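Fit chain B to the known structure of chain A by using the hints.
These protein sequences, in sequence, are chains A and B.
Residue numbers for the first sequence follow the numbering used here, beginning at 3 and rising by one.
Residue numbers for the second sequence follow the numbering used here, beginning at 55 and rising by one.
Treat the hints as calculated values from the structure; they're not laboratory data.
Just so you know, not all the hints are guaranteed correct.
Said to hold, decoys possible - SDA-like, lysine to any residue: derived pairs with alpha carbons at most 20 Å apart:
| id | chain 1 | residue 1 | chain 2 | residue 2 |
| --- | --- | --- | --- | --- |
| 1 | A | K91 | A | R211 |
| 2 | A | K91 | B | T60 |
| 3 | B | K161 | B | T119 |
| 4 | B | K161 | A | G25 |
| 5 | B | K161 | A | M30 |
| 6 | A | K204 | B | M112 |
| 7 | B | K161 | A | E31 |
| 8 | A | K204 | B | D110 |
| 9 | A | K91 | B | Y59 |
| 10 | A | K204 | B | P109 |
| 11 | A | K91 | B | V62 |
| 12 | B | K161 | A | S57 |
| 13 | A | K91 | B | R57 |
| 14 | A | K91 | B | S58 |
| 15 | B | K161 | A | D23 |
| 16 | A | K204 | A | R117 |
| 17 | B | K161 | A | D24 |
| 18 | A | K91 | A | L247 |
| 19 | B | K161 | A | H26 |
| 20 | A | K204 | A | N227 |
| 21 | B | K161 | A | T72 |
What you are looking at is a predicted structure, and each value in this text was computed from that prediction instead of being measured.
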Amino acid sequence: MEPRLSRFDPLGRIVYFDDFDDGHHGWMELIGNYEDSLDTMLPHYRDHRPPMISSATMWDTGSHGSLDGTYSLKVATRARAGHQAVAVKRATWRQLGLIQLEAYVACKPEASDLRLGNLDVRGFGLLFDLQNTQHRLMPHLRYLNAVDGQPRGVWQYKTETPPRVQTGPTGQISSVYHLDPTGWIDLPNGAQALCYNELPTKLNWHYLRLLVDLAAGHYLEFQCNDRRYDLSALGMIRAAPIATLPCMLNAAFFVEAGADKRAFLYLDSVLVSTAV
Amino acid sequence: MRRSYTAVLERGEPLAGEWATEPYETGWASEALFFVLLLDGPPTARIAARVQLSPDGMRWVDEGTALPELRDGLAFVRVREFGNWLRLAGTVSGADEVRALIYLTLKE
Numbered sequence: 003m004e005p006r007l008s009r010f011d012p013l014g015r016i017v018y019f020d021d022f023d024d025g026h027h028g029w030m031e032l033i034g035n036y037e038d039s040l041d042t043m044l045p046h047y048r049d050h051r052p053p054m055i056s057s058a059t060m061w062d063t064g065s066h067g068s069l070d071g072t073y074s075l076k077v078a079t080r081a082r083a084g085h086q087a088v089a090v091k092r093a094t095w096r097q098l099g100l101i102q103l104e105a106y107v108a109c110k111p112e113a114s115d116l117r118l119g120n121l122d123v124r125g126f127g128l129l130f131d132l133q134n135t136q137h138r139l140m141p142h143l144r145y146l147n148a149v150d151g152q153p154r155g156v157w158q159y160k161t162e163t164p165p166r167v168q169t170g171p172t173g174q175i176s177s178v179y180h181l182d183p184t185g186w187i188d189l190p191n192g193a194q195a196l197c198y199n200e201l202p203t204k205l206n207w208h209y210l211r212l213l214v215d216l217a218a219g220h221y222l223e224f225q226c227n228d229r230r231y232d233l234s235a236l237g238m239i240r241a242a243p244i245a246t247l248p249c250m251l252n253a254a255f256f257v258e259a260g261a262d263k264r265a266f267l268y269l270d271s272v273l274v275s276t277a278v
Numbered sequence: 055m056r057r058s059y060t061a062v063l064e065r066g067e068p069l070a071g072e073w074a075t076e077p078y079e080t081g082w083a084s085e086a087l088f089f090v091l092l093l094d095g096p097p098t099a100r101i102a103a104r105v106q107l108s109p110d111g112m113r114w115v116d117e118g119t120a121l122p123e124l125r126d127g128l129a130f131v132r133v134r135e136f137g138n139w140l141r142l143a144g145t146v147s148g149a150d151e152v153r154a155l156i157y158l159t160l161k162e
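Same shape as in the complex, but just chain A:
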């Protein structure tokens, strides 16, 4: 077996396998919709930051490297509580069926003080932005790490977004902020302690896997390391299909600062697969 693939559990067809040792592989900053002027963009979408190829270089020990090789893709917030950074990759699907997103990730605050810092990242997560023949579908998972310095340590999902609003004067473009901080719901039995380690300069890589049924339009399963969560009874964000988005298959990762300190999400590698 190919060693780099053996740590994943892909479905039958690999749509893409991105190891960031050799480039960005199409992952880029998420931007909101606008028309005529950038000022028409919803405020939260204006500054999701460009992801960077990172050697995870620490002030005390030098380059941490990645799980496999030197480089990972780093999604980095500004040093401002509540700020979100989001990286997205855009594709389309070939056939309705099961679809799965897997990744090896590590999440840390910037080591800007000599403290543990384990409650300085509010959270991180992953999502699909999909459209089947009936709906726009947006399965979202977030690890809510801490709120205002208080530990939470729970996986969450979403079923609703704020209302979609028109962006600009022609009526051709609209926008909805699906990563709004409100509306997250704790997964049933979703509490999970992750391996933060004992300094902000020590990274431990974690495995994530999200499985959804694109044809039926619902969640199936989420996995983080040794924990598997049955999501089949949960609702997800659904909306009317949009004329310009048939077969859309977008995936994204995000991270949220919980203090006035940068929050980093490192992606060693990402794999998206489908059953057919």
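Frame of chain A, contents of chain B only:
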């Protein structure tokens, strides 16, 4: 083929007084260009900027290269042998604030 990547470090967020772009990791690249494109500001506005390096992304030192004066709202600066981190630091004068696009264009 040599890889390249353009990051948009600023996109219209207000720049005022003393400012600096967010830290950006560049260890894979050997060439870099910063472009500054003025989006909005009065004719009196002036943007001065200089390239900075860092060993850790937190402590910064001037590289020695400065951004030329903008012409028709656009200027660039070119650097090599910059290590793992780059940012652009500068000042805005002659205006309370300006809005600009700041690009970092990297190549292996």
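### Query
Which of the listed hints are broken here?
Violated hints: none at all, because every hint is consistent with the structure.
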